[in-house]
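Top line first, the protein sequences correspond to chains A and B.
Heads up, the first sequence is in my numbering, so the first residue is 1 and it goes up one at a time.
Heads up, the second sequence is in my numbering, so the first residue is 1 and it goes up one at a time.
It is worth saying that the hints were derived from the structure and are not from the lab.
No residue lacks a Cβ here, since even glycine has one placed at the ideal position from N, Cα and C.
Check each hint, because a few of them may be wrong.
Calculated lysine-lysine pairs in the BS3-like style (CA-CA distance at most 30 Å, straight line) [what the hints assert, rightly or not]:
no.	chain 1	residue 1	chain 2	residue 2
1	A	K41	A	K66
2	B	K81	A	K41
3	B	K102	B	K81
4	A	K20	A	K66
5	A	K14	A	K41
6	A	K41	A	K20
7	A	K55	B	K81
8	A	K55	A	K14
9	A	K41	A	K64
10	A	K66	A	K55
11	A	K20	B	K102
12	A	K64	A	K20
13	A	K64	B	K81
14	A	K55	A	K20
15	A	K14	A	K66
16	A	K14	A	K64
17	B	K102	A	K41
18	B	K81	A	K66
A few chain B positions that, by computed beta-carbon distances, are all more than 10 Å from chain A [as the list claims (entries may be wrong)]:
no.	residue
19	A84
20	N92
21	S109
Below are the chains, spelled out letter by letter.
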Amino acid sequence: GAVVSQHPSWVICKSGTSVKIECRSLDFQATTMFWYRQFPKQSLMLMATSNEGSKATYEQGVEKDKFLINHASLTLSTLTVTSAHPEDSSFYICSARARGQGVGKDTQYFGPGTRLTVL
Amino acid sequence: GQSLEQPSEVTAVEGAIVQINCTYQTSGFYGLSWYQQHDGGAPTFLSYNALDGLEETGRFSSFLSRSDSYGYLLLQELQMKDSASYFCAVLNQAGTALIFGKGTTLSVSS
Chain A
1 GAVVSQHPSW VICKSGTSVK IECRSLDFQA TTMFWYRQFP KQSLMLMATS NEGSKATYEQ
61 GVEKDKFLIN HASLTLSTLT VTSAHPEDSS FYICSARARG QGVGKDTQYF GPGTRLTVL
Chain B
1 GQSLEQPSEV TAVEGAIVQI NCTYQTSGFY GLSWYQQHDG GAPTFLSYNA LDGLEETGRF
61 SSFLSRSDSY GYLLLQELQM KDSASYFCAV LNQAGTALIF GKGTTLSVSS
C-alpha cells in the first residue's frame, strides 16, 4: 500500500512552453502533498506544500506564478511549470501524507519523480 | 529555519561498516529521518528517530541525541548495492514537510 505515482516520468520540452506534472496517491487519500526539486548531485529542495481544496504554500524564493500547483482532489496534485526555460530543467519529486496523519510524524510517501529537460 | 550538516562523500569497501553523521539546527524538532536515494530514483525511507537512542533495522541502524542535535546512520556489512546518496532530514516547523540535508554520497567498492 501507500503508493504515489507521477506522470510523466520524463519530459523534454522547448523553451517557453508549459509542462504539467501529475502526482497521484493510488491507494490512500492525501490531504497534503509536497513538491520538491532536485538538481544533479544536490539535495531535494522543498518548493511548496499543497493542501486539498486550498492554495499552495510556496517556500521562499519559489515563484508561485511560474510553478502553478493545484490540489483539486484527495488523490491528485499537479505542478505546472509555465514558460519553462533551460534553468528549470531538474528532477521534480512529489510526496504525500495520508489523511489522518498527525503533525510531527514522518510518514511521507514519495513518487518516483519526473525528469524535466527544457531545450 | 531548519538546517542540517552531513559529510558530502564517504567511501568504503564491501563488508565494512560506515557511519554517516548529521548535525542539525531547527526551530522546533520532531525527529530525525534518514533516506536513501539511488541515482535517478526517488528517496526511500530508512529510519526515523524521535527519541534519543539507537534504532536497528537489519544492517542499518540510526542514532539520535537530541541534547547534542546530532544523529548518525550506521551501515553494516556493506554491499555494492548500498552505493547511493543518503540524506538526513527533519520536519519543518509546521511538522509536515521534510527538509533535507545536502546528502552524503556513499561509494562501496569491492
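Would the hint linking K14/A and K66/A be met if the CA-CA limit is 30 Å?
holds (16 Å)
Between the alpha carbons of K41/A and K20/A, is the straight-line distance 30 Å or under?
holds (24 Å)
Holds or violated: K20/A and K66/A, Cα atoms, limit 30 Å.
holds (12 Å)
Are the Cα positions of K20/A and K102/B separated by 30 Å at most?
Roughly 27 Å separates the two Cα atoms, so the pair holds.
Does K81/B sit within 30 Å of K55/A, going by the straight-line distance between their CA atoms?
violated (41 Å)
Against chain A, does S109/B hold up as non-interface, every C-beta pair farther apart than 10 Å?
holds (19 Å)
For the pair supplied as a hint, K102/B and K81/B, is the alpha-carbon distance within the 30 Å limit?
holds (21 Å)
Tell me if the straight-line CA distance from K81/B to K41/A falls inside 30 Å.
holds (18 Å)
Pair hint outcome, K41/A versus K66/A [Cα-Cα no greater than 30 Å]
Distance ~24 Å between K41/A and K66/A Cα, so the pair holds.
Test the statement that A84/B is away from the interface with chain A: the closest C-beta pair must be farther apart than 10 Å.
holds (13 Å)
With the threshold set at 30 Å, check whether the alpha-carbon distance from K64/A to K81/B stays at or below it.
Violated, because 39 Å separates the two Cα atoms, which is more than 30 Å.
Can you confirm whether the C-alpha distance between K66/A and K55/A stays at or below 30 Å?
holds (15 Å)
When each numbered hint is compared with the structure, violations occur for hints 7, 13, 18 and 20.
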